[in-house]
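On the provided structure of chain Y, position chain V as indicated by the hints.
Sequence order for the protein chains is Y and V.
Those letters in the first sequence? Residues 932 to 1369, per this note's numbering, in order.
Those letters in the second sequence? Residues 932 to 1369, per this note's numbering, in order.
Just so you know, the hints here were simulated from the structure itself, not pulled from any lab data.
Since we're looking at a predicted model, the values are computed, not measured.
The C-beta atom is built at its ideal place from N, Cα and C for all residues, glycine as well.
Keep in mind that the hints are not guaranteed to be accurate.
Simulated restraints, written as ranges between beta carbons of each label pair [unchecked claim]:
#1 V:1253 to Y:1028: 58 to 66 Å
#2 V:1346 to Y:1339: 55 to 63 Å
#3 V:960 to Y:963: 36 to 44 Å
#4 V:1311 to Y:1339: 46 to 54 Å
#5 V:1017 to Y:984: 35 to 43 Å
#6 V:936 to Y:1050: 27 to 35 Å
#7 Y:983 to V:1211: 44 to 52 Å
Calculated pairs, SDA-like style, for lysine to any residue (alpha carbon to alpha carbon, straight line, at most 20 Å) [to be verified]:
#8 Y:1056 to V:1253
#9 V:1056 to Y:934
#10 V:1189 to Y:958
Okay, the calculated bits of chain V under chain Y, using three or more residues with CB under 8 Å as the criterion [what the hints assert, rightly or not]:
#11 1034-1044
#12 1066-1074
#13 1079-1093
Number of protein chains: 2
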Amino acid sequence: MPAEPLQLAIVGLGNVGTGVAKILTEHPERILQRAGRPIEIRRAVVRDLNKSRDVTLPAGVLTNDIESVIRDPNIHVAVELMGGIHPAREVMLRLLEAGKDIVTANKALLCEHGDEIFECARKHKRTICFEAAVAGGIPIIAAVGQSMAANQIIGIQAILNGTTNYILSEMLLRGQSYGEALQQAQDLGYAEADPTLDVNGTDAGQKLGILAQLAFGVKVKSSEFHVSGIDKLERTDIQHAKDLGYTIKLLARVSLNKGRLEMSVRPTLIRADRPLAQVHGPFNAILLDGDVVGNVWYSGRGAGQLPTASAVTADIIDLAIGRAQLTFAHLDLWRETPPFALAPLNESTSRYFLRLSVEDRPNVLAEVTGVLGRNGISLSTIIQPEAPEVDATAGAIPTVPLIIMTHRTSAGSLAAAERDLDRLASVRSPRMVLAVAD
Amino acid sequence: MPAEPLQLAIVGLGNVGTGVAKILTEHPERILQRAGRPIEIRRAVVRDLNKSRDVTLPAGVLTNDIESVIRDPNIHVAVELMGGIHPAREVMLRLLEAGKDIVTANKALLCEHGDEIFECARKHKRTICFEAAVAGGIPIIAAVGQSMAANQIIGIQAILNGTTNYILSEMLLRGQSYGEALQQAQDLGYAEADPTLDVNGTDAGQKLGILAQLAFGVKVKSSEFHVSGIDKLERTDIQHAKDLGYTIKLLARVSLNKGRLEMSVRPTLIRADRPLAQVHGPFNAILLDGDVVGNVWYSGRGAGQLPTASAVTADIIDLAIGRAQLTFAHLDLWRETPPFALAPLNESTSRYFLRLSVEDRPNVLAEVTGVLGRNGISLSTIIQPEAPEVDATAGAIPTVPLIIMTHRTSAGSLAAAERDLDRLASVRSPRMVLAVAD
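So that you can see chain Y by itself, here it is in the shape it has in the complex:
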């Protein structure tokens, strides 16, 4: 006698939702064999019933009424793929209260409102699965939450946003400008019409927030650590980094250092021979460092219809088996008393790359290096490239670029030095300051 089917609702039938519906409807035997029971789509909630869709669902499944899901006691699982925070937050809370387990790819919601959402799930004895929220087709949530169970994770370094990695790769490998590479990413569907949340680092920051919560049991919203994007980078930065033997990546990083967490998402110079520097195109990659296992490396497609739908479907199967419920109950999420605290931003340390625009006259180099020295920052490299910059302003003193790589220093010392540089008439704005990975 076959087991009871698992009945689910897909809330949001966009790109990923359509992918999930296709997998479930096109491979019923595979799903039955893996899950031990059939999985049926009982409802798919959409905004526009008349829109043409790339998947065929039985009559009566498509609805624009979320209440038909909330009220239906036969629906045990809701797959939330609306994205964004509102109304996804309110919908998810109501679904949990109505007794539905949740599968979601919503990184923004989990990062910014994880405490409330997870508390609600626990209160109603429900499970939330979110493998698809971070790094799409890479099973990093399972890796951190299950496979690393013998370890205290001590570091995560990752490329978590495929859009920006594609743009940076095009800038590096084809010499494109930021604007050209962004346009191409949009043409190819790797970037959205409004790419803000990708290019300013928010998307990667939210994903890192979820990983940090899973690995370290801390509540960290993306406003509480350093998040910056790639939208200010110029071709010249990519080129200077390359000349120095580095590749610029939007690096998401969290590490445990003397009981405190240092955490950031920012464009970072990575030595060109390191694996993370060699991940090109719209891919994600994650390097986990566990205190027992050492380094384990993952890479694959971090976004896109089918990779993300693959992760969502694995979560649905886990719920059908009953495994997800056990996993969720044992995850180290959003603890009341977090075992670790974030290091104060000013105390986090890094090496830095500085690109300054300085007046081309005697003594400027001494002024700049004097400022850095007085702030306790020592230099590893200083380069003044031969070609002077052209300054279009008639009569102005011409400027030249100055490239500086520092040894490890604190963010506080760097900020103090930046304030002092602001006071030097010989140093022009804007300057570019980038972190350099060890």
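Same frame as chain Y, now just chain V:
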């Protein structure tokens, strides 16, 4: 009120067993938090009670009597780390019959006797966990068995033996001979005193057998597919491959092609710019290709005390949570009616690299290419390096090396061509024939 402790026995307190004992005894709070209950080592079964050990266990835990485990109804989990097939097979069957769940790193036993062992486990409603049996610290069993659940896996390409990968890396990067690199691997503890099972491909073959069973539901013993090792490779092969833009790796590969599986472990030329070609040192790497998710890549330490113990401990925690029991019940292992069959060996296709030693006289090239042509094998590259080989035999015709890369051909055609080459007086033995990856 704390939950009941999980009581376990470690059977075999060698390198990995000691690592597991250290993790469990040195991090009780971590284990309690992850597993939701304490995990206690009630027995550790060893051959020699008097041997000094790198871990301190409470009095009465160490025993040389396996019966004390089998008879003890309070021991629910046995961690089998004896290795090898006998007496591990008999011990594991008795442990299962006595109602113990099993955690094991024993790839040989699972590959060669998986059908019997798993049947016994099912009969006694027991669970076998074997994350540590393949690729040590890389959670590839969880990836294939759980995270890829929405996918039909269509291909696996992997480096599954760290010893041979270390040797090949040293031969490539430092120009060492096979013998020198093997000696160094032994000095560093990467190779055992008797390295036979590593260097002849058996170890990687057994691991690939387990992965194939998990991914494709087939029973394949390592004698049923092509397994060869690196012990015949010469420095000159590494160098010729490098000159052609390739790196030689011991590649474990299984792919699904028109419903049939092609499977092999053999030294293989991989284009030097491919990620698998760039995995150097004692590491493992695995590229999974799923029909939904596309390629997902894993790498990390495939052996060693702590990486393997990390995987064993994660399995123990999974059993303590109850998740492993659900996973095992749903795995697609050793099906009665396998959905796929192995392609006949002769029909599997590949490109090939041939290094021949031929007489340095007119017409030899025409004879060799004639043999290949008559067997339907077309060539992509043919190189006769300038320096002739020295033949020490007085009066003998001097020989020169001849390097040939073929286009894709069947193993059957290649074997026929090899038989014909054997009949040519101008071609000397031995020759080197290696696969070339696409």
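Do the hints match the structure? See the list:
1. Judged by the Cβ atoms, the range 58 to 66 Å given for residue 1253 (chain V) and residue 1028 (chain Y) is violated: they are separated by roughly 27 Å.
2. The given range of 55 to 63 Å is respected by residue 1346 (chain V) and residue 1339 (chain Y), whose C-beta atoms sit roughly 60 Å from each other.
3. A C-beta distance of roughly 41 Å is found between residue 960 (chain V) and residue 963 (chain Y), which places it inside the suggested range of 36 to 44 Å.
4. One distance hint, 46 to 54 Å for the beta-carbon pair residue 1311 (chain V) and residue 1339 (chain Y), holds here, with the actual separation near 50 Å.
5. Take residue 1017 (chain V) and residue 984 (chain Y): their Cβ atoms lie about 59 Å apart, and the range 35 to 43 Å is violated.
6. For the pair residue 936 (chain V) and residue 1050 (chain Y), the beta carbons lie near 29 Å from each other, so the given range of 27 to 35 Å is met.
7. The hinted range of 44 to 52 Å is satisfied by residue 983 (chain Y) and residue 1211 (chain V), whose Cβ atoms lie roughly 51 Å apart.
8. Restraint check for residue 1056 (chain Y) and residue 1253 (chain V): satisfied, since their Cα atoms lie roughly 18 Å apart, inside the 20 Å limit.
9. For a cut-off of 20 Å, the pair hint linking residue 1056 (chain V) to residue 934 (chain Y) stands: about 19 Å separates their Cα positions.
10. This hinted pair checks out: residue 1189 (chain V) and residue 958 (chain Y) have alpha carbons roughly 18 Å apart, not beyond 20 Å.
11. Counting residues of the segment 1034-1044 of chain V whose CB falls under 8 Å from any CB of chain Y gives 0; the rule of at least 3 is not met.
12. Residues of the segment 1066-1074 of chain V with a Cβ under 8 Å from some Cβ of chain Y number 5, which satisfies the need for three, so the listed coverage holds.
13. Here the segment 1079-1093 of chain V counts 5 residues with a CB under 8 Å from a CB of chain Y, which clears the bar of 3, and the coverage holds.
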